[in-house]
Amino acid sequence: MTPGTSITVRGLTRRFGQVLAVDDLSFDVAPGRVTGFLGPNGAGKTTTLRMILGLARPDAGTATIGGRAYTDIPQPAREVGAVLEASSFHPGRTAIQHLLLFAPAAGATRARCDELLSLVGLTDAANRRVGGFSLGMRQRLGLATALLGDPQVLILDEPTNGLDPGGIVWLRSFLRGFAADGRTILVSSHVLSEVQQSVDDVVVLARGRMVHASPLSDLADLATPAVHVSSPDAAGLARLVATHGWSATPGNPADGGRTSVALLGTTASAVGAAAHAANLELHELRGETPGLEHVFLSLVGEAPPLERRVPAPTTHQEDRS
Amino acid sequence: MSTAVSTEMRKFFSTRLWWVLLLIMAGYMAFLAAVLAFSITQTPQEVQGDKIDVVRSIYTVATSLGYVFPAIVGTLAVTSEFRHRTIVPTLLTDPSRTRLITAKMIAAAPIGLLFGIVGTIACIGAGAGTFALTDVDPLLGSPEVWRSAALSVVALTVWSIVGVGLGAMLPNQVASLVTLLAFTQFVEPVARMALPAVLDDAGSRIASFLPGAAGEAMTGASLFNALSMGGILEWWQGALVLVGYALLFAAVGRATTFRRDIG
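Protein sequence lines correspond, in order, to chains A and B.
Going by this note's numbering, the residue at position 240 of the first sequence is 240; the numbering climbs one at a time, nothing skipped.
Going by this note's numbering, the residue at position 113 of the second sequence is 434; the numbering climbs one at a time, nothing skipped.
Isolated chain B (complex conformation) (with noise of 0.2 Å):
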């Protein structure tokens, strides 16, 4: 299992991909965190609610927005043997398909894992300087505001492992992606704001239990909670609630596109 899980790695770093996606991420995440934190010191005091959650939202962002990339990143790590067919090699070097499938989910979560540092990292680097520049308090004395940082990390990290579930179980990449990006960027936004509108609290219930709010939830800080949409699990809830994504898609993914014939 150690040497599935060490080709699963070098796979990754062996091509451009991980360091172009990482950089756009960091981009990405700085510039999201950078204007969140300047609107937010524009707005008068009193509509700002609690000044810590407002801090910790920004700091999180990369998991209320950013999280699409390590997911993206797990996914491609299936999806890609099957678009460029390394999958014949693949698994004529190790024929057993339930390895391959476990090796690529140990292998995203160190992947997943540089993802999320880099993630919280810009989004903190960009947060605060902006309100450090504006006269406001970044609260980075604040353990609280630290502890969501950490638990942004493992956030996204999880969100790599669910990626390569998602590519088990949709091996075609344009499937998967345009599905990931349709899911996470409208579908789940989308249904956030309306479950609760038209179910009330059973939709606010439903809506937390979604992969986006699950993740979200992880971090205790939630963006779209401090917009005052739906409601939000635990962390821990958050988390098993992830994982537990990740691991349905795998299990689908090795029932289907792995139980068939391949090449």
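Just chain A, with the same shape it has in the complex (with noise of 0.2 Å):
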């Protein structure tokens, strides 16, 4: 196995008018692992992978691939393979057709070309225009020209776009075993869910800056348990909240006569003792720990910010504006 190559990109800024798009924006993309690049529309996502793909040009800052820039690699796509859009291929051409085109450059040979059509399972449409094709086949012959030079890096832009579900189960094996065999994989989404159970780090944007960056598994611990009550005494709930000092957030919108507030930093079992103890009716209580995509949509502030338990793990909590 060759030694690893890794994505750094340090300080990478890019302004379009009045617009900064990607703002000082450093991280590592490190090999034998499945990075995920998330962010909603607008984030910065595919103007960063531009940049590092020698398609933009940075107004600061570097993005880097095993050292090199993109455009300073001989033959790039021996050692990078990339899918930007979906949509990149004449309509005129076959499958087979569009990756015969781009083989020699890639240094792939036609047998090549059927063994990478066979694997995204095009085989049957190797010899049909690519101007009939679905969205999720596009995909499909987007990821076979990637592979063409065999690359140790893997760069896709939403690639489950388009794809059915049985299509991005077999994406998410294919990268894990990609990763597997120590080579580098950057993957963006807008949707967290789609990637959650394929990558191993996440990079989160947010309006062109870094939110997050650590192992999926960190992101979880960023999810902050709360208790939702509900109760009709509303003067009776606000006296038991204001004399714990819970942290409350309004819940569901009053129901009839009851008052819901979601309490954050307890437990339910703390709530209901509390509650017994002051002779408070409840109609409802339920523990409940936000999903990743809660943390996620916090984190790119298009959900209520989260409260942080104990203190914010800093170490990968970078450039939180």
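These aren't lab readings, by the way, just hints derived from the structure by calculation.
Warning: the hint list may mix true and false statements.
Stated by the list, open to error - Covered by chain A, per the in silico footprint, the following chain B stretches (three or more residues, Cβ under 8 Å): (1) 330-339; (2) 413-425.
Claimed, not checked - Simulated restraints, written as ranges between beta carbons of each label pair: (3) A:Asp59 <-> B:Val356: 56 to 66 Å; (4) B:Ile345 <-> A:Gly132: 18 to 28 Å; (5) B:Thr577 <-> A:Pro74: 49 to 59 Å; (6) A:Asp114 <-> B:Ala572: 49 to 59 Å; (7) B:Thr577 <-> A:Thr62: 18 to 28 Å; (8) A:Gly92 <-> B:Gln363: 40 to 50 Å; (9) B:Ser327 <-> A:Asp114: 14 to 24 Å; (10) A:Arg110 <-> B:Ala576: 33 to 43 Å; (11) B:Val499 <-> A:Pro250: 51 to 61 Å; (12) A:Arg110 <-> B:Arg337: 16 to 26 Å.
All residues carry an ideal CB built from backbone N, CA and C; glycine is no exception.
Hints in hand, dock the two standalone chains.
If you want it as structure tokens, here you go:
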């Protein structure tokens, strides 16, 4: 096994007019792991990938793959495979024609092209024009194109777009196998749940800035359990919350005569005991730990901020603005 | 570079566009040559002028009126990459943008040559056939005629390279095709008639440097001049001017389109 190739991004910045699309971004993508590059649409993910691949020019900062800028790699297709969008095909070419076009520069033979079509499940469509392909088939052909040069590094932008559930499962196991060979994968997505089962590390981007980078497991630690409580006695509930110093956020809208709150940093049993002691009537008492998706949405500012349990894990917390 | 050039050639031949355009060009050129040849035979002898010039201008009508075909082919070699976003895998495979434009220009030459040969053969075939049917000497034994025909092929080849330059300068396919058609089919013909009329000799001089006039100059037989419109350069001057346009457009394209972000 060759020593792995890392992607290193340092201080990468790109401005479009008044908009700072990518703002002083620094992160590493390690070999042997699948790194998820996450953020809502417009967060700057694709711009960052384009800068890593030499298609766009940064205003500041550097992006290197194995220590070299993409444009300085002599035969980049043999080292890095990338799929940026699922529509980079001439509709008049067949799948095999498309692969054969890029094969010589990637050092691939006709046999390799056939093998790749078989790998991505397009053997039967090899001689069909791409114009008639579904989005999922284009994604598969894009992946086959990226793999022509048997690269050590794979960069995929939203690869699950248009894939059917079977395709997503297939892609997941493919990515796992690719990383298990000691190779490097950076895969972007705007939906955490789509990649959550295949990524080891996450880099989360919002409005051009990195808001989080850690192993996926550390992301789960950011989730704070909440206790949902509702009572017909609004004043009594408020008094109880104030007495115990719980942090409360309004829960589901008041239903009839009831008042609902969500309490952070406590447990259902503690709230139940306190309510019993205070002689407060409860209609609902339910503990809940938010899912990873909620943590992700909070990080990117599309859900209420999470209250951090214990001191925030600052080691993985960079550039939180 | 040889990989890049062969990739560009294979791009061209892997879609249906090339033979569709080639067929249209052959048909259109044959039609024009036949119509022009027929109308000449119906013209009273004394108005015909120098017969060999007339015959040559019919055999090279592809350079006068059909050069838009190789130019379109060259333009599409660049614009279709942007239209279908294949520019992304293209530049990912080989990030050198200068090499890409150069490879496209080199690859355009043999393709332009093919269009030049087919277009010129169509003109000669239909023109000479019409002359033969109307008992006019097609002058196929004249070396001057064949020299013009050969230079017509070369001019059409250069036009495909000019097309690549235009595509690099105007990567939006609709914009570049509209510009190409409007300029070659309307702006330049009007300018070549209007400039000499308005500015006399100076106008003729300027008109002779227009790309279409330069291409015609290469054949030494100008249809426009046969119709007494504007001046014409020496064949080698025409070649230099036309190649100059190709290089100028490509350089502008490299400094604008291909300096920007792509994808």
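**Asked** Honestly, do Thr577 of chain B and Thr62 of chain A meet the 18 to 28 Å range at C-beta?
**Response** Given a distance of about 25 Å, which is inside 18 to 28 Å, the answer is holds.
**Prompt:** Is the distance from the Cβ of Arg110 of chain A to the Cβ of Ala576 of chain B consistent with 33 to 43 Å?
**Reply:** 38 Å, holds
**Message:** Is 49 to 59 Å respected by the C-beta to C-beta distance linking Asp114 of chain A and Ala572 of chain B?
**Reply:** Once the Cβ atoms are compared, 41 Å apart, the range 49 to 59 Å for Ala572 of chain B and Asp114 of chain A is violated.
**Request:** With respect to the beta-carbon atoms only, verify the hint that Asp59 of chain A and Val356 of chain B lie 56 to 66 Å apart.
**Result:** Given range 56 to 66 Å: holds, Cβ gap about 59 Å.
**Message:** The hint says 16 to 26 Å between Arg110 of chain A and Arg337 of chain B; measuring C-beta to C-beta, is that right?
**Reply:** For Arg337 of chain B against Arg110 of chain A, whose Cβ atoms are near 22 Å apart, the range 16 to 26 Å holds.
**Prompt:** Using the C-beta atoms of Thr577 of chain B and Pro74 of chain A, is the stated range 49 to 59 Å upheld?
**Reply:** 27 Å, violated
**Message:** So is the stretch 413-425 of chain B in contact with chain A by the C-beta rule, three or more residues under 8 Å, or is the coverage claim wrong?
**Reply:** Since 5 is at least three, the answer is holds.
**Pairwise beta carbon distance, Ser327 of chain B to Asp114 of chain A, judged against the given window 14 to 24 Å** = Since Ser327 of chain B and Asp114 of chain A have Cβ atoms about 20 Å apart, the given range 14 to 24 Å holds.
**Asked** Does the hinted range 40 to 50 Å hold for Gly92 of chain A and Gln363 of chain B at CB?
**Response** Given about 44 Å between the Cβ atoms, the range holds.
**Asked** Has the hinted range 18 to 28 Å been met by the Cβ atoms of Ile345 of chain B and Gly132 of chain A?
**Response** Roughly 25 Å apart at Cβ, these two residues keep to the hinted range, so it holds.
**Prompt:** Is it true that Val499 of chain B and Pro250 of chain A lie within 51 to 61 Å of each other by Cβ?
**Reply:** With Cβ atoms ~59 Å apart, the hint holds.
**Request:** Please count how many residues of the stretch 330-339 of chain B have a CB within 8 Å of a CB from chain A and say whether that reaches 3.
**Result:** Our answer is that it holds, as 6 residues pass the Cβ test (under 8 Å) against chain A, meeting three.
Consistency note: the structure conflicts with the earlier hints numbered 5 and 6.
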